[in-house]
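K.L.:
The lines below spell out each chain.
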Amino acid sequence: MKSDKLKFLLFAVVVLAIPLFIPKGYLTNVLIFVGINSMLALGLNLLLGYAGQISLGQAAFFGLGAYGSGVLNTQYVINPWLAMALVAVGVAAFAFAIGFPVLRLKGHYLAMATLGVGVIAYISFNETVDLTGGPSGLSGIENLSIGSFVFDSDIKNYYLVWSFALVSILLAMNMVNSRFGRGLRAIHDSEVAARVMGVNARLMKVQVFALSAFISAIAGSLYCHVMTFISPTSFSFPVSIELLTMVVIGGLGSVFGSVLGALLLTLLPEMLRAFQDMDIIVYGLLLISMTIYLPGGLVRGIPALFRKIVPARGSHA
Amino acid sequence: MKKLITVALVSFFVFCMASAAMAAAPIKIGALFSVTGPASFLGEPERNTAQMVVDEINRVGGIKGRKIELIAYDTGGDSTKAVQLANKLIKNDQVVAIIGPSTSGETMAVIPVVEKAQVPLISCAAAIKITEPVKPWVFKTAQNDSLAVARIYEQLKKERRTKIALLTVSDGFGASGREQLKAQASRYGIQIVADDTYGPKDTDMTAQLTKIRGVHPQAIICWGTNPGPAVIARNAKQLGINIPLYMSHGVSSKKFIELAGDAAEGIRLPTGKVLVADLLPKNDKQKKSLQSFIKDYQHHYRTEGDHFGGHAWDAVMLLRYAIERGGDNPAAIRKQLEATRNFAGIGGVFNYAARDHAGLTKDAFVLVEVKKKNWTLVK
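Residue numbers (numbering that gives the first Met the number 0), protein chains in the order written: chain Y, 0 to 316; chain B, 0 to 378.
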């Protein structure tokens, strides 16, 4: 427990200090999106890594959050912070409502149903032109502000997004070590056994689904205010798959695994630009080798690899 | 004394080297194209063309003795990535201007970034929203959809076809075209009797076409990019629909004729002049630019240059002349771009002004018809 707190503090200090040590500009901008992706991956990881329920429709909640905030900001006079809270609660309530029928399904059927939710949301963003601007997108969204302090630069947005990400991480860490979190892991291992032990599996699955939608919606709101423009392609099916990849590569059932996955999958394509036209192939090869050689995800694989190398050196000496 | 001479010589030498190095420092131009992903049919020829034109300019000594360095990134058609890369071009690479992005969605996403950083952007995307209302730092080379619509409606009016059906794709391109088709109809006395859409990845449009056939329009206008319109052409032929079928400039490449096969016969579409460069009269202002573009592209890439590559050709050339006239800082380039008059490029004859950052008239389009797997001008 104590080491968890220490880990979090260390992580928070690193996150807050990073902008002081990197060159201003582009990298800070990319790290903002790492923060947003971390929240999304964390949301999915709670559902998939802890409770063992897959979702291929996370982009829907991300998009609902973004469009909710975006539409409220451009077409109605409402405080954007209040809008963000309302939208997040609304999206969570929506997830809660659809969670009951959807989460009765298991395995492939659950994957199909959540995929359906994602596709329906994507089509709605495209077709409700009057509200969302349709395929050409919604522009003119304002940056967030507190009084006269406007979050209008990369560095300000970095701290904005990462404060939300850090709070989500802290809450998630507390949650997974609570009674609720243990219940979720019990469901993951065996739903029948969990129910025999007195865990209300059905309700808990829906609750964690709603929680994951809540975090995704907040990430969506932040995204729309940082970008100031949104279009449906940012919330399409491939985005859900990318989030899934982040969680699997980072480490299922690990809070920091989500962050690591988000960091890797957001930064890697940028670093691979040096390979020019070959970058996609290198990217694919790296992902394949990571899933083969680090099956537990980066968060478990890297320490294991480290242990393997270090004693080997020790025996030689 | 000897020492003094040595010192003088050395310092003179160093001075020469430094000034030579300064003169040789290249002018950095950024480019964002979606070379991969769903819009690669735009991004690839655009990237190729931009690189080709820059190489050609450097081969003849650059702009006023300074080489141009093109820094091109692939956005994959993703607007988040486009924004990140625009930031990278501006903050890390410190480019003086940016060409692209390829799609309207990405362009709209990038606009707040360049407006804030005050770096000129010449977009290669078509949507009218990009330059209307005018944003100080944003220009574009792709013809407005409104001009293509006007070209089609003019022809329909001439042939007295007043009842038409629309079939548009549900993406940025289709939505923008649909808006224009609906907005301009009344001006030409045209009545829209059916208004249907299809998804960008749909593989069968018989349902929409059957519905359209039921309301007996006198022409069908389809607004989309490959492969959707080719499917529509085939479906229409299968259903035996024999009223004129008009497509948008979004399919103006040989690829469309390949995809649609026999069903392409008789289909009409508005297009930039690059497809029919050889058919143009000698006094056409654009003919020289068109022929040099086609020849260079064939020479470099062993394939035909198209309409989309043309947008990048125009963008690089506009920048080149702006830098030649006004210097190489973003503000001067912006000012000179706005002062562009009578530049006969690939997309049309550009006349930018403070209130017009699209710069073209409907003369930028000609109406062509597919006959025997080739393009012919509609008189």
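Please note that a few of the clues may not be correct.
Under the rule of at most 27 Å between Cα atoms (straight-line distance), these lysine-lysine pairs were calculated in the DSSO-like manner [unchecked claim]:
id, chain 1, residue 1, chain 2, residue 2
1, B, Lys90, Y, Lys23
2, B, Lys115, B, Lys253
3, B, Lys115, Y, Lys155
For the record, the hints were derived by calculation from the structure and aren't laboratory data.
K.L.:
For each hint, tell me whether it holds in the structure or not.
P.N.:
Cross-check of the supplied hints:
1. Lys90(B) - Lys23(Y): holds, 8 Å
2. Lys115(B) - Lys253(B): violated, 40 Å
3. Lys115(B) - Lys155(Y): Roughly 15 Å separates the two Cα atoms, so the pair holds.
The structure fails hint 2 only (numbered hints given earlier).
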